[in-house]
Amino acid sequence: MTATAETTGAIGRPIRRKEDERLLHGRTNWTDNIQLPGTIHMATLRSPMAHAKITNIDISAALASEGVLHVYIGADFPDLPGTTCVWPVTDDIVMSHMPAICTDEVRYVGDVVAIVLATDQNLAVDALQLIDIDYEPLGAVVDMEEALKPGSPLVHESAGTNLCYTAKMPCGDYEAAKAKADVVVSRRFINQRLIPNTMEPRSVVAAPMGMSDEITIWTSTQIPHVLRVLLALLTGIPENHIRVVAPDVGGGFGAKLQINREEVLALVLAKKLGRPVKWTESRSEHFVSTHHGRDQIQDIEIAATKDGTVLGMKVDLLADMGAYLQIITPGTPLLGMFMYSGIYKMEALDFTCTGVYTTKTPTDAYRGAGRPESTYAIERIMDELAAELGMEPMELRKKNWIKHEEFPYTQIAGLTYDTGNYEAATERAMEMFGYEALRVEQEARRAAGDPVQLGIGISTFTEMCGLAPSRTLGALKYVAGGWEHCTVRALPTGKIELITGTSPHGQGHETAWSQIASDIIGVPVEDIEVVHGDTGRSPYGMDTYGSRSLAVGGQAIKLAGERLVEKARIIAAHQLEVSPDDIEFAAGTYSVKGDPEKSTTIQAVAFEAFTAHNLPDGVEPTLSGEATVDPLDFSYPHGTHLAAMEVDTETGKVTLRKYVCVDDCGVQINPMIVEGQVHGGLAQGIAQAMYEGAVYDAEGNLLTASLAEYLLPSAADLPSFDTDRTVTPSTTHPLGTKGIGEAGAIASTPAIINGVIDAIRHLGVNNIDMPASPMTVWRAIQAAKSGGN
Amino acid sequence: MIPASFDYVKASTVDEAVAALVKGGEDAKVLGGGQSLLPVLRLRLNAPSVLIDVSEVGEMRALTDDGDALLIGASVTTYEVMHSELVKEHAGLLSLTAGAVADPAIRHKGTFGGSVAHADPAGDLPTVAAALDCEMVIAGPNGRRTVAAKDFFVDYFTTALAADEVLVAVRVPKLGAGWSYNYQKFNRTAQAWAIVGVAAAVKSENGTITEARVALTNMGATPIRATGVEAALAGASSSDAIAAAASKAADGTSPTSDLHADSEYRKHLAAVLTRRAVEAASGI
Ligand SMILES: Cc1cc2nc3c(=O)[nH]c(=O)nc-3n(C[C@H](O)[C@H](O)[C@H](O)COP(=O)(O)OP(=O)(O)OC[C@H]3O[C@@H](n4cnc5c(N)ncnc54)[C@H](O)[C@@H]3O)c2cc1C
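Protein chains in written order, with this note's numbering: chain B, 1 to 789; chain A, 1 to 284.
One thing to keep in mind: the hints can contain errors.
Distance condition first, Cα-Cα at most 30 Å in a straight line; then the derived DSSO-like pairs of lysine-lysine [what the hints assert, rightly or not]:
no.	chain 1	residue 1	chain 2	residue 2
1	B	Lys785	A	Lys150
2	B	Lys149	B	Lys53
3	A	Lys150	A	Lys267
4	B	Lys399	B	Lys180
5	B	Lys178	B	Lys398
6	A	Lys248	B	Lys785
Just so you know, the hints here were simulated from the structure itself, not pulled from any lab data.
Every value quoted in this text rests on a predicted model; they were computed, and no experiment measured them.
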């Protein structure tokens, strides 16, 4: 009944992003650009010790320092929490309490021990050096296995253990499956700790607004709506006094899906002092204090028959929580729990995850959250199984994956994949890659003993995104829903205001959401203004993470738009003096069936709805449509990624020569935005495989605490990616869409490492811990040569 | 992070710069392109009371032909060194290596003199200064002096420059006919410092190396001349001979261990990269 893609055809067009003009020309307000009169600047003093008792604090010199207004320590806010965890994953989980400012004990390098408030940011930072603190070391806990041994120092003494939780999910009977197996392969994979780096560091401004009890808090966050609820719960400030605004946000990747102690402090201090309070982190602060990602030890076992039929898999994880639980710290590893079987059929999956406290920066969601870990495990172990069986790794995958005609398919962990076509994506990817020719080259290089060996890395992945429905999240003990809201308002002048509960931080929602609404209500993309990221202007929302915004939020846009169109139809019919059933709607115009001359536009109807001079009985003035949608299910994008890796066996240096990926994210609203998401995701996933990795010393000091030691690749380090898409529309999502925000980051990591190992497996190497740095690879080759590994 | 506050003086002549240094005492620092000094200040590893900016001192911005050498002002940027026709013609190793330094933005700000004065053992240009037997022209309160590269680099981030001295220029001897060169830089990302680097210049006649200069980056506290390799290369005319000579590259060195490479791996790399640099330079 409503407009389809053909009417104006905005959906599916790679139109340029509306938001880019202001972003690329620097004509936007990042949080740190916000300058309010009377602002007080906050600076944080962070613990240089991983674990210690605070025995004495002397703030007198800092208090006397130029420009300093206040210095606060933990004793000033003894009961104020700095964060909260909304996902107590098991009944007997050991929760933790991160204070806004530490009172008597610090638990990681970067823990906040004091704050300075001054008239100027530089003066606040200067005064930090004048605070004198005495520490009595308590013993760092760096290694997860050591942490679980009796006698280890305890991160939280009162808990009596460093064990945070154990979560089990036995699906099928793994021991029975293993008993039938001809081959059992086990490996230990390390999914190293990563430090998410956004272009814009964290920043917050909190200001009492004067005219009411309202305090507005501008913050560089992915979750303004969720944050408002949590800030109210933590501080006791009534929720209806708090307005959270996420202005343009320069990247998040999960690192800004968080409630931070700096936000809590800024809010509480703005209220207490009656002045705006501002804090912006430096990059150095970011490295130790913004939550980290991944950090799992994965013991993986797979059982199969000798013809290559996979029977079952056993997954035993140690997951590093860091020192405290933040918003979804314990749940992050479990977001991968259902996905360890990947795209493959099997009889059993035995999953156990043990969460462990250490004296390190807390971990939490980072692009992919849980699914990169599960994808790495299954795609790596499939290659190892293929090697053990002497099978071509792609053939092994084909033998075990769910065939396209078998969808919808309920996999071993109980999820029902609605759609997928692994054959089509793989065929296209192999063709683009020149798979056979590269295998021939690989053979030739091996035969010639070329110092530079070639490997082919495969990753045929799927993931689950768009967390929903709310009931399922409730069953998983997650303390929030998975719905999303949209209001579409037709203003009297015919312009459209689309109010979304999603909160973009680089994804291009303003453009894509306009494209969807344009097709549904027949108004040009330029006439649609997307309002987001402000609890004052868009009161309902669950924000942006987990590739949910289009998959979930898109449904709300569609329904809200359709409701607007239906209301306008009734008014139009009244104006045209026919019954609503006799009205046709296309491209923004309502016309009488069989008499197209008699027509009116949606803009004209909007004006009628405003004046309300001539509305049908029972129809309320104003024209808008509103919808809050709780989706039927997750969405399951998939794809085939192939990497050609060169390994210089003399130096261990790894080079990514060619990367091909064919993703299936269902219907693409804007293929150019999809392309951008894929490229960025690939860079991050490849970075995990080749460059990134947080390193701590035994005392709990972060050794990779700057961009000089923590390596991020730039465009100069990456080849031009060859990408394409197959389109298998989702049947559980009304627009046919799936998520694409994390796919690249999830799929690419195992493709790279499989490729590296494929290049040097003949030398005896069957595992490389990430990142595959030259020294790591060279040592693996040396060890294999001397009979190790 | 935010540096501690400091005073700023912009010098327009070498004398002005020296005078300001003398006045500023121990706490004064020369500011070139700031690409090494500013990060140090931001990390609060150092907090000088005054910075004396020499980036626009005319004499120090000049790059001239000085007969058997080039005279390159300390404030000539890495980008300018990379693209100078004079440097390409007479000291190709230097322009090639300048292109391996950091990324374009940093090359536009950072200076040749700043890199040499900073004396980071991982810096690429000090290695070339060592390989080409450059001389440093230094000005201080007692006038000017010249120090040879081998005496200039003293230790990690330490040179023969006194606190009240300015590096004015670097004299780069011309290589002359028959020489060819190569720089092998081994790093993990494109704009990162060298884990190990090798600069090689060889003079060959009829397919035989007659003379060689080999210098190593990040194999010790200062740039190191691989004299054993240089000696062994004289007369080399086969890849086996080059490989045999290159295997001595790490002799007598004790490179550091860090996150990217331990000492043993650095020594291994030095040999591999020396072989590659000499092969590439000599075409053998
Ligand atoms: C991200 C990044 C990557 C980099 N990668 C590389 C790389 O791959 N290879 C490489 O070689 N370098 C690299 N660098 C360093 C860069 O080349 C610097 O520019 C250079 O080392 C210093 O030059 P500058 O002019 O910026 O000196 P400054 O930073 O201004 O000064 C450096 C030091 O030298 C002193 N100084 C400067 N000029 C004089 C003078 N005329 N007389 C006396 N003392 C002086 C200063 O007091 C200071 O102690 C990198 C820098 C960055 C930020």
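Against the structure, the hints come out as follows:
1. B:Lys785 to A:Lys150: violated (40 Å)
2. B:Lys149 to B:Lys53: holds (22 Å)
3. A:Lys150 to A:Lys267: Satisfied, since the Cα-Cα distance of roughly 21 Å is no more than 30 Å.
4. B:Lys399 to B:Lys180: holds (18 Å)
5. B:Lys178 to B:Lys398: holds (21 Å)
6. A:Lys248 to B:Lys785: holds (23 Å)
Hint 1 from the list above is the single one not met by this structure.
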